[in-house]
Each structure stands twice: as C-alpha cells, then as structure tokens.
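**Q** So the sequence lines, in the order shown, correspond to chains Y and B. Going by the numbering used here, the first sequence opens with residue 1, and the numbers climb by one from there. Going by the numbering used here, the second sequence opens with residue 1001, and the numbers climb by one from there.
If you are wondering where the hints come from, they were derived from the structure by calculation, not from laboratory data. Check each hint, because a few of them may be wrong.
Here are some chain B residues the structure puts well away from chain Y; computed CB gaps all over 12 Å [stated by the list, open to error]:
{"#": "1", "residue": "Gln1047"}
{"#": "2", "residue": "Ala1061"}
{"#": "3", "residue": "Ser1077"}
{"#": "4", "residue": "Arg1248"}
{"#": "5", "residue": "Tyr1312"}
{"#": "6", "residue": "Arg1340"}
{"#": "7", "residue": "Ala1342"}
{"#": "8", "residue": "Ile1356"}
{"#": "9", "residue": "Arg1365"}
{"#": "10", "residue": "Thr1366"}
{"#": "11", "residue": "His1406"}
{"#": "12", "residue": "Pro1442"}
{"#": "13", "residue": "Pro1443"}
{"#": "14", "residue": "Leu1522"}
{"#": "15", "residue": "Leu1586"}
If you anchor each label on the Cβ, the simulated ranges turn out as follows [as the list claims (entries may be wrong)]:
{"#": "16", "chain 1": "B", "residue 1": "Asn1271", "chain 2": "Y", "residue 2": "Arg198", "range": "20 to 26 Å"}
{"#": "17", "chain 1": "B", "residue 1": "Ala1193", "chain 2": "Y", "residue 2": "Val217", "range": "56 to 62 Å"}
{"#": "18", "chain 1": "B", "residue 1": "Arg1340", "chain 2": "Y", "residue 2": "Arg104", "range": "24 to 30 Å"}
{"#": "19", "chain 1": "B", "residue 1": "Leu1522", "chain 2": "Y", "residue 2": "Gln101", "range": "33 to 39 Å"}
{"#": "20", "chain 1": "B", "residue 1": "Arg1513", "chain 2": "Y", "residue 2": "Val217", "range": "21 to 27 Å"}
{"#": "21", "chain 1": "Y", "residue 1": "Met118", "chain 2": "B", "residue 2": "Gly1376", "range": "19 to 25 Å"}
{"#": "22", "chain 1": "B", "residue 1": "Gly1147", "chain 2": "Y", "residue 2": "Val217", "range": "32 to 38 Å"}
{"#": "23", "chain 1": "Y", "residue 1": "Met118", "chain 2": "B", "residue 2": "Gln1352", "range": "29 to 35 Å"}
Some chain B residues well away from chain Y (every beta-carbon gap over 12 Å; in silico) [as the list claims (entries may be wrong)]:
{"#": "24", "residue": "Thr1186"}
{"#": "25", "residue": "Asp1268"}
{"#": "26", "residue": "Asn1315"}
{"#": "27", "residue": "Cys1350"}
{"#": "28", "residue": "Ala1436"}
{"#": "29", "residue": "Asp1448"}
{"#": "30", "residue": "Leu1492"}
We put the CB at the ideal spot given by N, CA and C, even for glycine.
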Amino acid sequence: MIALEHVTKAYPAAGGRKQLLADASADFASGHNFGILGANGSGKSTLLRLLAGSEMPDRGTIRRDVRVSFPLGFGGAFHAALSGRENVAFIARVYGAAVRQTVRFVEAFAELDDYFSMPVNTYSAGMRARLAFAACLAIDFDVYLIDEVTEVGDERFRRKCAAAFRERLRRSDIILATHNPHTVRQYCDRGVVLGGGRLQLFDELASAFACYRRMLVADGPCVSPSV
Amino acid sequence: MQDISSLPFGEAAASLAVPHGEGRAAQSGPAAAADCRFAEALLHRAQVEQAVDYCRRAWPAVGDDPDLLRICGWVFSNAECHDEAAAAYRRLIERCPEWTAGHRHLSAALAAAGRFEEAIEHATVASDRSAGDAEFALHAAALLAAGRRGEEAARYIARAASHAVGDPRLLADAAELLMQCDRAETAVELLQAAASDGGDDARLLRVLSTAEMTCGRLQAALAAVDRALVLAPDAAEYHLHRGHLLWRLDDLAGAAQAFRLAAACDPDDRNVRQAQMSLYCAGGLLREATAAGGDLLLRFPDDRDAAEAVLYLLNHRLDTIEGDYVVLVPEAERGLRQPRAAPSLRQRLCAQRRVIRALIIRETRTRFADYKLGYGWALIEPILHIALLSVMFAVLMHGRPPIGRHFFIFYYTGLIPYLLFVHASSGMCHAITGNAPLLQLPPVTSFDAIAARGLLEIMTDVVVAAVLLAAFLALGLARLPDDFWGPSMALLATAALGCGFGFCNAVLTVFWRSWEKAYNQLTRILYFISGIFYVPAMMPDWARHLLAWNPLMQAIDWFRAGFFMSYQPHWLDRPYLTIVATLALLGGLALQRGCRHRLSVPL
Chain Y
1 MIALEHVTKA YPAAGGRKQL LADASADFAS GHNFGILGAN GSGKSTLLRL
51 LAGSEMPDRG TIRRDVRVSF PLGFGGAFHA ALSGRENVAF IARVYGAAVR
101 QTVRFVEAFA ELDDYFSMPV NTYSAGMRAR LAFAACLAID FDVYLIDEVT
151 EVGDERFRRK CAAAFRERLR RSDIILATHN PHTVRQYCDR GVVLGGGRLQ
201 LFDELASAFA CYRRMLVADG PCVSPSV
Chain B
1001 MQDISSLPFG EAAASLAVPH GEGRAAQSGP AAAADCRFAE ALLHRAQVEQ
1051 AVDYCRRAWP AVGDDPDLLR ICGWVFSNAE CHDEAAAAYR RLIERCPEWT
1101 AGHRHLSAAL AAAGRFEEAI EHATVASDRS AGDAEFALHA AALLAAGRRG
1151 EEAARYIARA ASHAVGDPRL LADAAELLMQ CDRAETAVEL LQAAASDGGD
1201 DARLLRVLST AEMTCGRLQA ALAAVDRALV LAPDAAEYHL HRGHLLWRLD
1251 DLAGAAQAFR LAAACDPDDR NVRQAQMSLY CAGGLLREAT AAGGDLLLRF
1301 PDDRDAAEAV LYLLNHRLDT IEGDYVVLVP EAERGLRQPR AAPSLRQRLC
1351 AQRRVIRALI IRETRTRFAD YKLGYGWALI EPILHIALLS VMFAVLMHGR
1401 PPIGRHFFIF YYTGLIPYLL FVHASSGMCH AITGNAPLLQ LPPVTSFDAI
1451 AARGLLEIMT DVVVAAVLLA AFLALGLARL PDDFWGPSMA LLATAALGCG
1501 FGFCNAVLTV FWRSWEKAYN QLTRILYFIS GIFYVPAMMP DWARHLLAWN
1551 PLMQAIDWFR AGFFMSYQPH WLDRPYLTIV ATLALLGGLA LQRGCRHRLS
1601 VPL
C-alpha cells in the first residue's frame, strides 16, 4: 500500500508555482492496479515521482510498505554518458539485484544489439524507452510506476511489454499515469483522477472515466458522485 | 363542378382571360362576377396564387351576391388567407342568416385565423341549428376542448356520439376529444360500446387502447391494441404503442420484439428507433442500444439529441467494456504479496552502502570515460604534479629544503593535504548537477551522490599518497615517518574539512551554477597562503599570526610534523583544526539536509 496523508505539493511551472495537491489523502491499496488520469500538464509525472519517492512532498507524509519502482517514463533514470549496459548495472547495484543476470535480461529484452554498449545519448527516444522498460522489468518490484510510456515503441514491442507486464502482474501491481482512458482500461481495475489539487480514487473505472471526461469538458475539478 | 375542372374548360377559361385594361371599370358588377368565376376555374386547375389575385381584385365589387361571396370564401380559405375567407363568409351569413353550413365554414376560417372565441360562437350556432349532424357537433367540441372548456365540449361530444353510431371514424374522434378533456373513462365506455356492436375498426380499437392505458388498465389496453393489430398488422405506430405497453408491464423482451416489428413496418420512423434505444438502455443491453442509436443516426444525421445519446452510450460502453481490452489476471490467480516491514537501521545502512558503492563505480567509469587509461589519470595527475613541483623547487633552492633532508618529502607533505582538501571540496561541486538523472531513482538521494563523490576523491588521494610514498621509499628519497598516527589524523581532519566544504559546494552549485568557478579562485589563493612550498617560520610574526587561522595551513603543518620529528611549530593547534573540520562537516550536512527537498527536482 502507498498511503498519502495530507500531502501538499506545488511544483515550478511556466508562470509561477503550480499547485499539484492540496492536503490530499489517498490509499493506493495493494492488489489493485491504478490508472491515474489527468490532462496534459496536470502533474501526473510529479505525482508519480512523489509516489516513487524521487521527490518529497512540501507537507504531509507518504508511507509505503511495498517496494516501489522508479517512475518508468521518457527521459528515464539514465546517465547520458554511460552505456546502456553500465546504466543497467548501476540500477541493479542500487536495488541489490544480481548485476550479471539483470544485464543479461535487459540485453535480451530491449533488443538494442550493439547499442547496448554505446552511451545512452546516442539512443533514439524509442530505444531509450525500450531500455527503461527492460530495466524496470528486470527488477522485482511490488509496484511498477509507469508514466505514459505505453505509447512508445513499435507495435510489436508494445505487445511484448504488455505480455511481460501481464506475467509480472500475477504478483505485482502497477500504477499508471496517462491522459488516455484506453491505456488505463488495458491494465487497471481502479481509476484515479488528478486535477484541481485533488486526487480522487474510484473503485469503478467507469466512474473515473466519467469524472475525467466531465473534468476535461468543464476544465475544472469535478464533484465526485457519492463514492 | 367536375365538368368545369375538366382540362378543356380550364384552357378555354384561361384563353377567355381579359387583360386588366385601363378602360375596365373596377366597380362594375359583371366584371367582378367574371373575375370570381375565373378565379374558381383557376382554383380547379390548382393555380391558387392567380385565383387569389382575381378574387382580391373582384372583392371590392362583389357586393352581396351569395354565389360570388361563396366563391371568394372558398378561394381564400384554400389559399390559407383565413381572415379574408372569414370576412367573405361573415358577409354571406348576414345575407343568408339561415344557412347553417355557412356558420360552420366561418367557424373553420376563424379557427384557422386564430380567432377561437368567435370560431366557437359560430361552431355552436351551426351545431345547435342542425343538432343531428355529428360532424358539426364534433367540430364545436374540438374548439371547446382546445379552449379548455371541458364541460361544454363534453356536451357536444355526447351529442356527436349519439348521432354517430355506426361511424367508427367519428366515434374515435369523439373518444380522442373526451380524453383531451380528461374524460378517459367516458371515452372507454363509448368505445367499448362501439366495439361490442361488432363494428371492428382498427383506429377505434387503437384509441380504445390509449383510453384504457390512460385509465391505468394496461392489460385491457394491450388486448385492445392486439385486436387493432389483427385488423391492421402493418401499422408501425400500433406496434410502437404495443411495445411501450409491454415495457410498462416489464416485459422487456416482448417490448423489444414489438419495437422490432414496428421498425420492420416503417424503417424510417424516428420514434421507433428512439424507443428501441431507450428500451435497450433501460434493459442494460448496451450493445443493442448502440446499434439502434447508430441506425437512428444513420437515418437522421442531424438529430442532435440522438447524437448526444449515442455519444453517451458509446462512452459508457467503452468505460464498461469487457473482453479483449482487459488483460488483467483474475483476482483469484493473483498471489498477494505480504507487505514489507519497515526496513531496520541495518538494512537501511546496507541499502545506502549499496547505492554509494554503485555511484562510486559509476563515477570511476564516467570521469575519465574519454581517456584510454580511464580512472588511472586520477592517480597520474597528482603524481606528476608533485614530481614536477619537487624537481622545480629542488633546482631553484639548490637541493636544500626548508626542513629535513629530503626535498621531495617536503613538497609531498605540503601538497598531499592541499590536494586532498581541494579535490574533495571542489570535486563534490557537481555531485548533484552531474548526477541529476540518477537521482530520479528513488533509492538514490542527493546525500548519497555527494557522499559518493567525496569518498571517491578521498580514496583516490589516499592511494596517491600511498603510491608516492612507496615510490619515494623505493628510490631512497624518503624514510618512513616516525609517527603514522599523526599524519593519519591530519589527513582525516583534512578529509572532514574538505567534505564539509564539499557538501556546501554541491548544494550551492545547484542554485548558482557559477559557484564552482568562484570556489576554484578561492582554492588558488589557498595554494599560496597554506605553507605548501615554504614554512610559516620564514614569515614575519604578524603574517604568521594571521595565517594560523587558515585551517588548511594547520592541516599541512600537522601532516608535516609527523614526518619531521624536529618540526614542531608552536602555532600548530590540533584541537582548532579538529573543531573547524567537525563544524564544517556538520554545517555542510545541515545545509544539504535543509535543502534536500529542492535538490531532487529534475534539472
């Protein structure tokens, strides 16, 4: 479970600091896959970094009793001057995983061939995403945090990722941030709507989508029906 | 009349048309009569516009001629000029007050013109005068019902019904008017009586069904519409009505079947499609509802309400869809993990050690990634530096160091603490800015990044110191220090001092990128005021008193004192350096901790 308790967070954006959460409390219960819906620029990535622990809230606490992955998104946690191999080895060391096995898994999964030994700054965006996906999958997390990346890569690789996640989802959960309800439907059984400083959890995906759609139309926070 | 409307006569009439000449007197009676007759002929040929034109021209001269007035009324009401028609009929009635049908015509014209009160007046006159005419009575009743005068309407309906026995059309009309006046029960009685007389008429039964439904007797209504459908099996509206009845009786399948039949009878009926969509929605059959809505939109693309309904349906369907989308493993198959206990202090230290080790390994790979010798340069650089300085000063000073006998050792003891401090403190400047992507990994904190860089610098310089010392020993240029404890403590204090400054530098560099440049200038000044290639004993007292505050000079002298037993300067204050180094370290750590929320923001 990842529990947010009275979390307040603002982050710098164009035109001053933007309020992401204002005294928000929410429980991301174990055993469920959550899809976080928010418009572009609503702070989904920041929320994921908060959940991961890469970033700290301005006020309030976030408790975790699970092993949470790093946010799997574009950019990623890769050092540009290091090769893919060295980056993966670094991640394995940080998480205390067997370095050689992890590197071998990623090498096979990401299909980067010779690029695996080249610095990451020579990679295309798609290759980077593939590396990030493979590196994240290689480590046994309880909760995987995914940021939009499901739309990256060619169709075949996407399917491969979906299959890998399906396998991994037997034991782990995912929390997925996206502005696309269809992606949520592919992976999640619960919906979260982020907007207007509020974080609304829905047990039913349909109500989350309805709320999200209302929010997009009204361009403001929606009042949740009795949840 | 029929022969008049025949084509040859019509053509003949048209050919007789006299152009409106100047010499033609507008008031002349015969001319008006000709115009009216001509208009009548035109109307028979369905040339309404021209007929009206001729009538209007004739109107001022028509006078009281009943025939001409009748023609004018007829032409005007056909052309929907109801006020003019009413005027014509009114004049006609004044001329022939006993002509009952005239009142009826006038009433219709007035009603069409929207003058209901007058229309009702003449309708009642017409009906009262010929009480046996059911049609006149119904007309009056309809106007009264529309005027919300239910009581009077009911009276006229009763009159109509009593004279309309055997005419199902009039009876159905009467029943509908009764329902309009909220007398559904009376309507049911009337219709049932008519229906039991054996006069089976589909429309009569359909109206009966509505009346029964209005009275709340759904089963009776269903029976009536069933009988109506036997007589008229292709009436879409009957099927639609039957579907609604079944729906209200909660027979959704039956209702769906009825709507399907209705749709088959009349595929272009919008109401049927809407009813289908609503029914499927209510029954939760979203797929069918969507299909019906799609059909509706296909036929009526401009139906905004239907489009919105379908959009809502599609969204709802997408939101609740099952099947190919859901790739989740069913709940039952999932082995839930046990929540992890909060890590113990030892586990946390282990994790931190792992992270710092990983960062150090990464650092050794990237720092000299472009050079062939890799991290070897980190060792070679200071070794060359010390060797070159030593040779230079040895030549300048004619081989005589200020203290001791080995000039290499003299410069060595000056440079090692200096380099240790400078490498540690300035090397940590970019610990955060250079590792920004790695800080995105939650276990990697800014503290880890800074500490790893500092530790690496210190380890490197310790190795450099050890290698140089071993080399000097091997070349016979030095001897082992008398006291290992002193130099080790001096190096420890220097490292702590360097780390303290390093933590501050790392944080300050995040906020001011140019801080590193400023700090490098400071280290150059330190090069000259720390007693690296001279001993403070050579200086005037005032200068030495001042320089004694320089912790780096204290560090160098502490380190040197361990190598040269004879060199025990009185200004050396070991506790002072220890305290300053400790304070610097604590200050640096405090600064890092205070700012840690702002250090991990992606750069």
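**Q** Far enough from chain Y: is every CB of that chain over 12 Å from the CB of B/Ala1342?
**A** violated, 7 Å
**Q** Please check whether the beta-carbon of B/Thr1366 is more than 12 Å away from every beta-carbon in chain Y.
**A** violated, 5 Å
**Q** Are B/Arg1513 and Y/Val217 spaced within 21 to 27 Å by their CB atoms?
**A** violated, 44 Å
**Q** Can we confirm that no CB of chain Y comes within 12 Å of the CB of B/Asn1315?
**A** violated, 7 Å
**Q** Check the non-interface label on B/Arg1248: least C-beta distance to chain Y beyond 12 Å or not.
**A** holds, 28 Å
**Q** Beyond 12 Å from chain Y, beta-carbon-wise, is B/Pro1442?
**A** violated, 4 Å
**Q** Does the claim that B/Cys1350 lies outside the interface with chain Y hold up, using a Cβ gap greater than 12 Å?
**A** Since the minimum Cβ distance to chain Y is about 8 Å, B/Cys1350 lies within 12 Å and the statement is violated.
**Q** Run the C-beta distances from B/Ala1061 to all of chain Y and say if the shortest one exceeds 12 Å.
**A** The claim stands: B/Ala1061 keeps its Cβ more than 12 Å from every Cβ of chain Y (closest is about 68 Å).
**Q** Does B/Asp1448 really sit off the interface, with its C-beta more than 12 Å from all C-beta atoms of chain Y?
**A** violated, 9 Å
**Q** For B/Leu1586, is the shortest CB-to-CB distance to chain Y above 12 Å, so the non-interface label stands?
**A** Non-interface label on B/Leu1586 holds, nearest chain Y Cβ at 22 Å vs cutoff 12 Å.
**Q** In terms of Cβ atoms, is chain Y entirely out of 12 Å range of B/Pro1443?
**A** violated, 5 Å
**Q** Between the beta carbons of B/Ala1193 and Y/Val217, is the distance compatible with 56 to 62 Å?
**A** holds, 57 Å
Violated hints, listed in ascending order, are 5, 6, 7, 8, 9, 10, 12, 13, 16, 19, 20, 22, 26, 27, 28 and 29; each of the other numbered hints is respected by the structure.
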